[in-house]
Amino acid sequence: MSNKPKLAVWKFSSCDGCQLSLLDCEDELLTIAGAVDIAYFVEASREVIPGPYTISLVEGSVTTPHEKEMIQHIREISEVVITIGACATSGGIQSLKNFANVDDYINTVYAHPEYIKTLETSTAIADHIKVDFELRGCPISKYQLLEVVNAFLNKRKPNIPTYSVCVECKRRGTPCIMVSEGKACIGPVTQAGCNAICPSINRGCFGCYGPCESPNTDSLATWMLENKIADKAELVRLFRNFNADAPAFKEASKKYDD
Amino acid sequence: MTIEVNADGTKTISVDYLARVEGEGNLHIEIEKDKLKHVQFGIFEPPRFFEAFLQGRKYTEAPDITARICGICPVAYQMGAVHAMERACGVDKIEGPIRELRRFLYCGEWIQSHILHAFLLHAPDFLNYESAIHMAKDHPDVVQGALDMKKIGNDIMDLIGGRAIHPVNVRVGGFYSAPTVKEMRGLRDEIKKGLDSAIAILDLVKTFEYPDFDQDYDFVALRHPDEYPLNEGRVVSSSGLDIEQHEFENYFEEEHVERSSALHCVMKNSRRPYHTGPLARYALNYDKFPAHIQDMAIDVGLGPVVTNPFQSLLVRVLESIYAYDEALRIIDDYQEPDAPFVDIDPQNGPGKGIGITEAPRGICFHQYEIGRDGLIKKAWIMAPTSQNQKMIEDDLWKFIPEHMHLEDERLQWHCEQAIRNYDPCISCSCHFLNLTVKRS
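Here the protein sequences line up with chains V and P, keeping their order.
For what it's worth, the numbering used here labels the leading residue of the first sequence as 1, then goes sequentially.
For what it's worth, the numbering used here labels the leading residue of the second sequence as 1, then goes sequentially.
Among the clues, some could well be false.
Claimed, not checked - Cut-off 27 angstroms, straight-line C-alpha distance, at most; resulting in silico cross-link-like pairs (DSS-like, lysine-lysine):
#, chain 1, residue 1, chain 2, residue 2
1, P, Lys37, V, Lys232
2, V, Lys170, P, Lys11
3, P, Lys93, P, Lys288
4, P, Lys11, P, Lys37
5, P, Lys11, V, Lys232
6, V, Lys117, V, Lys250
7, P, Lys137, P, Lys206
8, V, Lys228, P, Lys58
9, P, Lys35, P, Lys398
10, V, Lys250, P, Lys182
11, P, Lys192, P, Lys206
12, V, Lys170, V, Lys155
13, P, Lys206, P, Lys398
14, V, Lys117, P, Lys378
15, V, Lys117, P, Lys377
16, V, Lys250, P, Lys11
17, P, Lys377, V, Lys232
18, P, Lys58, V, Lys250
19, P, Lys398, P, Lys268
20, P, Lys192, V, Lys254
21, V, Lys254, P, Lys378
22, P, Lys35, V, Lys183
23, P, Lys182, P, Lys192
24, P, Lys58, P, Lys377
25, V, Lys183, P, Lys58
26, P, Lys137, V, Lys4
27, P, Lys378, P, Lys93
28, V, Lys68, V, Lys170
29, P, Lys182, V, Lys255
30, P, Lys268, P, Lys378
31, P, Lys206, V, Lys254
32, P, Lys58, V, Lys255
Hints are computed from structural coordinates only; laboratory data are not their basis.
Note that the structure is a prediction, hence the values are computed from the model and not measured.
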């Protein structure tokens, strides 16, 4: 066994897209595999090297009783836990069930509800255990993933900005889509990281990276309503997407949901 | 993973968490005195309630929300959603550059998904490695070469979709913005390189040892009069079915079984499972492959119908070659559309629409009912892996007795490999449980 740091990749309720980001590091994957032992990564390997692990990357949210137990175990066997993606950091798209009555869902849609074991909520990993770093995004940026893993391996602070998408638009030279085109956009309250793709293709931001630091959702929502850029229903839809359960977005969507 | 000999002389082989597939599945085999007693391919991925989320959302949101069902094949969901929604709004087909760009984007997804599966997930089985990362120690050029080929698929998705995972540029009616001719041509050299690498690697994959195994499949795929199917076509089968997409629910149905959080699909008339995916598309559309790709198929030892599921790896490489080739054709013919999308109005349509497309793993079915206000009333989606699940078990019921002479660990590995033949996307399959269940 080598002395290299051991990396583990875990899946909870999710679409697999964020752990795929690791395999999408086509130019870096074999270098990563040279620097760490990829000790547990079921999507990629049959081999399981037992813990403890130096770094555990956790994808997905907690939606079943089994997952609730599993995450405690992962914390115990991991030096560092990094959650990756909107599901792991805010409950993901499946957290929309937190806004509804789950019993109603199950009883109306399942032929055999007794076969299905699910919790009433979909929650972020940090609601259950101490998390060392939360990497946002639906999906995450593979470059940010490399930065975070690299930073922890080198015992330094990851350089992940917490400012809004607006900063990225300015940097790209994309004119403000809300001002110039009158399109609804929650970029002003959404964390950067995607490189502001949507406004650059003539589309408003719909919040894949969740709330930025100190988001002023009230001011943005009021401005959009007053300028007839969005009605209340659209505001609710915008805040209630892949990061619906992130506190700032949750509060904002509840405010306009009547 | 455990192998146990029980007190009564039976033997149990269990794989609690299958590796190198997308999502969470398990395998359970019971053998009594060299006789197979029980096989179970289970799916324990938690359901995520997409049907419920979609109800009450706007018709324009379906491509963004359903993309999140799967990070490996988001384009398949986006394409199913936009075609179904357009039909619900009375637009049956969009022609011209928008149609071409959709096809181009799907080529990108086929390339990244097929190459990922063939070389990073499936090939290690044939070369006896636990993973592609282990394989890279002895075959660095093969693994890095595969990563480079896969990246080209992602680059296509980046250009057309804005990003490779959960693209943002797809909308009902077309795209938010269309690439310029120059941007399209900018990918040409790279795609040509991918095409050459994929052709070159046939020399390696044809030397793989494919376990001896054949099944009498009923293949189901799309078929289009003019092209190898991606976004459009009738639904056809090797047993003679030939129907319009909107007739699908009259011929196919699903069963809910306890051991799985995904449904098992069967054909209504025969009650038999069916096979969808690369082997099905290939068998039912071989004549739509250009002659030079048919020649490559012959060269690697394949006839026009392949019934050994282990050889699906070869067919995936051939389909990747087709996808690179088709992407080049689209670049050369491309002209910027006058507008990147056509207007789609829920006031103008029947309020119900179906879209079936060819995901890398097989046919992916979407059906929506929407109101005049554009809000979704009902959604029904059937993922390829839930359609294949019963077929996968059927393969194991036949494969294990024929390979009982193998040592337990070898047998277990081959069984895992037999499941991986289908490139199962378990994350997808069970996320539809709530969407596809029959109400009784």
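Here is how each hint holds up against the structure:
no.	hint	verdict
1	P:Lys37 x V:Lys232	59 angstroms, violated
2	V:Lys170 x P:Lys11	65 angstroms, violated
3	P:Lys93 x P:Lys288	21 angstroms, holds
4	P:Lys11 x P:Lys37	10 angstroms, holds
5	P:Lys11 x V:Lys232	61 angstroms, violated
6	V:Lys117 x V:Lys250	25 angstroms, holds
7	P:Lys137 x P:Lys206	22 angstroms, holds
8	V:Lys228 x P:Lys58	18 angstroms, holds
9	P:Lys35 x P:Lys398	12 angstroms, holds
10	V:Lys250 x P:Lys182	43 angstroms, violated
11	P:Lys192 x P:Lys206	22 angstroms, holds
12	V:Lys170 x V:Lys155	32 angstroms, violated
13	P:Lys206 x P:Lys398	25 angstroms, holds
14	V:Lys117 x P:Lys378	24 angstroms, holds
15	V:Lys117 x P:Lys377	26 angstroms, holds
16	V:Lys250 x P:Lys11	52 angstroms, violated
17	P:Lys377 x V:Lys232	20 angstroms, holds
18	P:Lys58 x V:Lys250	19 angstroms, holds
19	P:Lys398 x P:Lys268	23 angstroms, holds
20	P:Lys192 x V:Lys254	51 angstroms, violated
21	V:Lys254 x P:Lys378	24 angstroms, holds
22	P:Lys35 x V:Lys183	66 angstroms, violated
23	P:Lys182 x P:Lys192	16 angstroms, holds
24	P:Lys58 x P:Lys377	10 angstroms, holds
25	V:Lys183 x P:Lys58	16 angstroms, holds
26	P:Lys137 x V:Lys4	16 angstroms, holds
27	P:Lys378 x P:Lys93	22 angstroms, holds
28	V:Lys68 x V:Lys170	42 angstroms, violated
29	P:Lys182 x V:Lys255	46 angstroms, violated
30	P:Lys268 x P:Lys378	23 angstroms, holds
31	P:Lys206 x V:Lys254	58 angstroms, violated
32	P:Lys58 x V:Lys255	20 angstroms, holds
Violated hints, listed in ascending order, are 1, 2, 5, 10, 12, 16, 20, 22, 28, 29 and 31; each of the other numbered hints is respected by the structure.
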